[in-house]
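Undergrad: Here's the letter readout for the chains.
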Amino acid sequence: DAGVIQSPRHEVTEMGQEVTLRCKPISGHNSLFWYRQTMMRGLELLIYFNNNVPIDDSGMPEDRFSAKMPNASFSTLKIQPSEPRDSAVYFCASSSERGGYTFGSGTRLTVV
Amino acid sequence: GDSVTQMEGPVTLSEEAFLTINCTYTATGYPSLFWYVQYPGEGLQLLLKATKADDKGSNKGFEATYRKETTSFHLEKGSVQVSDSAVYFCALSDPYSSASKIIFGSGTRLSIRP
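Chains as they are written, first to last, in our numbering: chain A, 352 to 463; chain B, 1470 to 1583.
Among the hints, erroneous ones may be present.
Residues on chain A that point at chain B, a partial pick, calculated with CB under 7 Å [what the hints assert, rightly or not]:
1) Met-366
2) Phe-416
3) Ala-418
4) Pro-432
5) Phe-442
6) Phe-454
7) Gly-455
8) Ser-456
Straight-line distance between alpha carbons at most 30 Å, and here's what the computed DSS-like set of lysine-lysine pairs gives [what the hints assert, rightly or not]:
9) B:Lys-1546 / B:Lys-1525
10) B:Lys-1529 / B:Lys-1518
11) A:Lys-375 / B:Lys-1546
12) A:Lys-375 / B:Lys-1537
13) B:Lys-1546 / B:Lys-1521
14) A:Lys-419 / A:Lys-375
Please keep in mind that the hints were generated in silico from the structure rather than gathered at the bench. Quick reminder that beta carbons are idealized off the backbone N, C-alpha and C, glycines included.
Given only the sequences and the hints, what does the whole structure look like? Please build it.
TA: In structure tokens, the structure reads:
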């Protein structure tokens, strides 16, 4: 089992550019979560999906953020346009109905 | 709503010292409780869990007991090592969430001196 796979590991982009983060959950897990981690705000839940359907996106900070899960094995988090305050580590996690998350290694985003 | 409160860090200890990181929770119903650990540059990893009152979760020398009467799940280790330096997150699962959503505490940074 390769675990939750996120790409890229690091992303540096200029303000105003579109950024797309990718996540492949563990096969058989039916829930997927996107988190953002910063020193100031800690770990924030942005959005989560159950069986590919978005359940709660109340943590998405602005309309610049969007997330999709077109199938059970892939999800994207997009920021358009990006801003320096979006700089953070973005984590994807997946879980099965028995509970307990498995986290990916994260994508460190720097917007300059 | 449901929430988790854990002691603020950083916590700095000498090697072989006894560790306690306090965690209390607020929840309706009967959540499962977790401790996650995050090593530098990595994602969070499940350290241990307990699913009902009086259960004790344990792993790698760490222990935590689900105390319903005090709504607590304190993390303990008898003798810490330098390799235990990390950020520790207490968490609970929302029993009413169809997606087993987990609510995390703010994290406690632990540093162990050789």
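Undergrad: Take the hints in turn and mark each one as holding or not.
TA: Okay, the hints, checked on the actual structure:
| no. | hint | in the structure |
| --- | --- | --- |
| 1 | Met-366 | 25 Å, violated |
| 2 | Phe-416 | 19 Å, violated |
| 3 | Ala-418 | 14 Å, violated |
| 4 | Pro-432 | 27 Å, violated |
| 5 | Phe-442 | 5 Å, holds |
| 6 | Phe-454 | 3 Å, holds |
| 7 | Gly-455 | 5 Å, holds |
| 8 | Ser-456 | 5 Å, holds |
| 9 | B:Lys-1546 / B:Lys-1525 | 13 Å, holds |
| 10 | B:Lys-1529 / B:Lys-1518 | 13 Å, holds |
| 11 | A:Lys-375 / B:Lys-1546 | 34 Å, violated |
| 12 | A:Lys-375 / B:Lys-1537 | 36 Å, violated |
| 13 | B:Lys-1546 / B:Lys-1521 | 21 Å, holds |
| 14 | A:Lys-419 / A:Lys-375 | 12 Å, holds |
The structure fails hints 1, 2, 3, 4, 11, 12 (numbered hints given earlier, in ascending order).
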